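Number of protein chains: 2
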Amino acid sequence: MEVVYDIFQMIHSGYIGKVMYNKKYVVVGATGMVGREILTVLIERGVSPLNITPVASTKSAGQIIEYGWARFVVSALADVNFREFDIALFSAGKDVSARYAHTAAEAGCTVIDNSSYFREHDDIPLIVPEVNMEDIERYNGKRIIANPNCSTIQVVMVLKPLHDMFGLNELVMSTYQATSGAGYCAVSELLEQTRMVLDGETARPKHFKMQIAFNVIPQIDDFSEYGYTKEELKMMNETRKILGISNINIAATCVRVPVITGHAVSVFARFTDDIDLGKAIAVIDEFPGVRVMDDNATYTYATPIDVAGGNNVLVSRIRTHPNIKNVLNFWCVSDNLRKGAALNAVQIASRL
Amino acid sequence: MEVVYDIFQMIHSGYIGKVMYNKKYVVVGATGMVGREILTVLIERGVSPLNITPVASTKSAGQIIEYGWARFVVSALADVNFREFDIALFSAGKDVSARYAHTAAEAGCTVIDNSSYFREHDDIPLIVPEVNMEDIERYNGKRIIANPNCSTIQVVMVLKPLHDMFGLNELVMSTYQATSGAGYCAVSELLEQTRMVLDGETARPKHFKMQIAFNVIPQIDDFSEYGYTKEELKMMNETRKILGISNINIAATCVRVPVITGHAVSVFARFTDDIDLGKAIAVIDEFPGVRVMDDNATYTYATPIDVAGGNNVLVSRIRTHPNIKNVLNFWCVSDNLRKGAALNAVQIASRL
Chain A
-4 MEVVYDIFQM IHSGYIGKVM YNKKYVVVGA TGMVGREILT VLIERGVSPL NITPVASTKS
56 AGQIIEYGWA RFVVSALADV NFREFDIALF SAGKDVSARY AHTAAEAGCT VIDNSSYFRE
116 HDDIPLIVPE VNMEDIERYN GKRIIANPNC STIQVVMVLK PLHDMFGLNE LVMSTYQATS
176 GAGYCAVSEL LEQTRMVLDG ETARPKHFKM QIAFNVIPQI DDFSEYGYTK EELKMMNETR
236 KILGISNINI AATCVRVPVI TGHAVSVFAR FTDDIDLGKA IAVIDEFPGV RVMDDNATYT
296 YATPIDVAGG NNVLVSRIRT HPNIKNVLNF WCVSDNLRKG AALNAVQIAS RL
Chain B
-4 MEVVYDIFQM IHSGYIGKVM YNKKYVVVGA TGMVGREILT VLIERGVSPL NITPVASTKS
56 AGQIIEYGWA RFVVSALADV NFREFDIALF SAGKDVSARY AHTAAEAGCT VIDNSSYFRE
116 HDDIPLIVPE VNMEDIERYN GKRIIANPNC STIQVVMVLK PLHDMFGLNE LVMSTYQATS
176 GAGYCAVSEL LEQTRMVLDG ETARPKHFKM QIAFNVIPQI DDFSEYGYTK EELKMMNETR
236 KILGISNINI AATCVRVPVI TGHAVSVFAR FTDDIDLGKA IAVIDEFPGV RVMDDNATYT
296 YATPIDVAGG NNVLVSRIRT HPNIKNVLNF WCVSDNLRKG AALNAVQIAS RL
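Line by line, the protein sequences give chains A and B. Under the numbering used here, the letters of the first sequence match residues -4 to 347, in that order. Under the numbering used here, the letters of the second sequence match residues -4 to 347, in that order.
Calculated from the structure, these hints are not laboratory results. Hints should not be assumed to be uniformly reliable.
It does not matter which identical chain is used: a pair holds within one copy or between any two.
[To be verified] Below, a list of computed lysine to aspartate or glutamate pairs in the EDC-like style, where the Cα atoms sit at most 20 Å apart:
1. Lys19 / Glu61
2. Lys225 / Asp81
3. Lys54 / Asp269
4. Lys320 / Glu165
5. Lys201 / Asp301
6. Lys274 / Asp217
7. Lys89 / Asp117
8. Lys19 / Asp194
9. Lys274 / Asp159
10. Lys18 / Asp130
11. Lys54 / Asp74
12. Lys225 / Asp290
Source: prediction; values computed, not measured.
Kindly produce the complete structure, drawing on both the sequences and the hints.
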């Protein structure tokens, strides 16, 4: 739990004056793609590196993570004393959350868990700050808050203002999900296989079940009940929980595409009330963290490369239907590592 | 209109004994991706190269196309006398079809047109042979038959037996369409941009409006009415016409993905009657040209690389919904150049 930093650089960059929080953060799973992004977002938002402790498995302990003048040395999870921290951000998979989240909470930390482990627990709030921050009050004080699935977050950000205005009652979604959602090894597999295919070699799948280079794979996470994958059931169940509407019909198909970062979702949403397209576009664009990027005349629409590294959910192709009443189709895109994971988790932490 | 061939090779390969058709074919747009595939399919199906005349623009005239022992010299469209042919397969875009299809038909050819020009004309049949070959009789004898949009063909092949059994009434589709659907220049752009991105260079779009390498683009063909693209309206209108059901609600979102060949579609279909999943799977698998490839336990599902070069529509992820009645979700994949274009056109020709 050692941070080496350059005090002169800190003063020079004006950083010391910007330190906003005195809370102490422990980031569990700090060497993964989302964990690294959590460190980035904490630092971007003015948290002092002195107040951040990156933690990973014993295997990764000692690894060094550099952020300009800040240099973190990764600690082993087994050595962490959670009593030393105010907030524990978990992003090390379901098994680690299952094993350590309660320990951290009992030691006094508020746990924000990015795994799927707690998301559907009845006594654990599942939070997108712009949408349902008030749910934290409604749940009892287990000190554990679940961070939703990446694709779910971006969709509920758009659906919330629409639901408040028109009353959502059915949702059909198909996703276009980037490989970074599956971690470093998935991104390397995409890049390595792509080179192989370009060089005329045969690409052999390792992480993915099928070749991902120049291909699309209609399976994310394991298969589960009713022929749906767990990823699809997450989108269906988490959307209901976050929006607080248990009786809407939701069908999702989750597909991995050969993209590095940036998830996209094609959404067909049916509402109770008539849709006024102008009002729909206005309420989407006014919602915090969401921006409409939609002008067919100038071929303006969002794609994954537009959102990589950004904070907003971008919404395009917003249209009603010539025959079907009360329907809105749209396309939304967001950085799956940021608003889809790290940014949302840090936003929860900063609002506590 | 010259074909150079090796008679000894033909005898040696047993080809001469296999010649099945005496009809004479002219392939307009023979140097394009679909045109080349039409030549391949005609030859695969036993049509003698002597009976095939490839035609293209004056610019491409003289170009040589080789198929093993057969060697075609491309003729200029301006020089073609359509009276010399029985069947004219057009695949050179809407403008060429608009200008030459009627001339060919008036000269006595039966025209099978792969462009979108005639598809929605009330007096022109739009045919997928396995689905609605009988529609040719119902239309008056203009000698022009339209070949449907690539994504539409594969979807109606799966929907036809389901509609006959359960009665289709609503359809929501999102596509994952390969670059070869947009021609050679689109495929080269994907490959060239992919190399550039891997080498750390900036990819500049030419054919596509946005970078296609490691990205997905929610626009295919131009924007049209109601905020839909022409490709989306084609899927919506052509599906109704081919299945002969004018009153079904259809919403489509068409997306280009960085795949070379093989279109995939995520389909949500609502029917009038209760769905028996076992029966649904059986009627799909029994339909000619369609195969079910669907076993979650062994991670068996179809992806674009599975269908490239093949003739079948493969169907996977077939599932009902835990809450929504009478709904079937599925994923279908097919080679967009073959069943999506060339094969379907040649199948129409061979059934005439």
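Structure-based check of each hint:
| no. | hint | verdict |
| --- | --- | --- |
| 1 | Lys19 / Glu61 | within (19 Å within a copy, 71 Å between copies) |
| 2 | Lys225 / Asp81 | neither (32 Å within a copy, 55 Å between copies) |
| 3 | Lys54 / Asp269 | neither (56 Å within a copy, 54 Å between copies) |
| 4 | Lys320 / Glu165 | both (12 Å within a copy, 12 Å between copies) |
| 5 | Lys201 / Asp301 | between (29 Å within a copy, 17 Å between copies) |
| 6 | Lys274 / Asp217 | neither (39 Å within a copy, 25 Å between copies) |
| 7 | Lys89 / Asp117 | within (17 Å within a copy, 57 Å between copies) |
| 8 | Lys19 / Asp194 | neither (49 Å within a copy, 41 Å between copies) |
| 9 | Lys274 / Asp159 | within (12 Å within a copy, 40 Å between copies) |
| 10 | Lys18 / Asp130 | neither (22 Å within a copy, 72 Å between copies) |
| 11 | Lys54 / Asp74 | within (13 Å within a copy, 73 Å between copies) |
| 12 | Lys225 / Asp290 | between (35 Å within a copy, 16 Å between copies) |
The structure fails hints 2, 3, 6, 8 and 10 (numbered hints given earlier, in ascending order).
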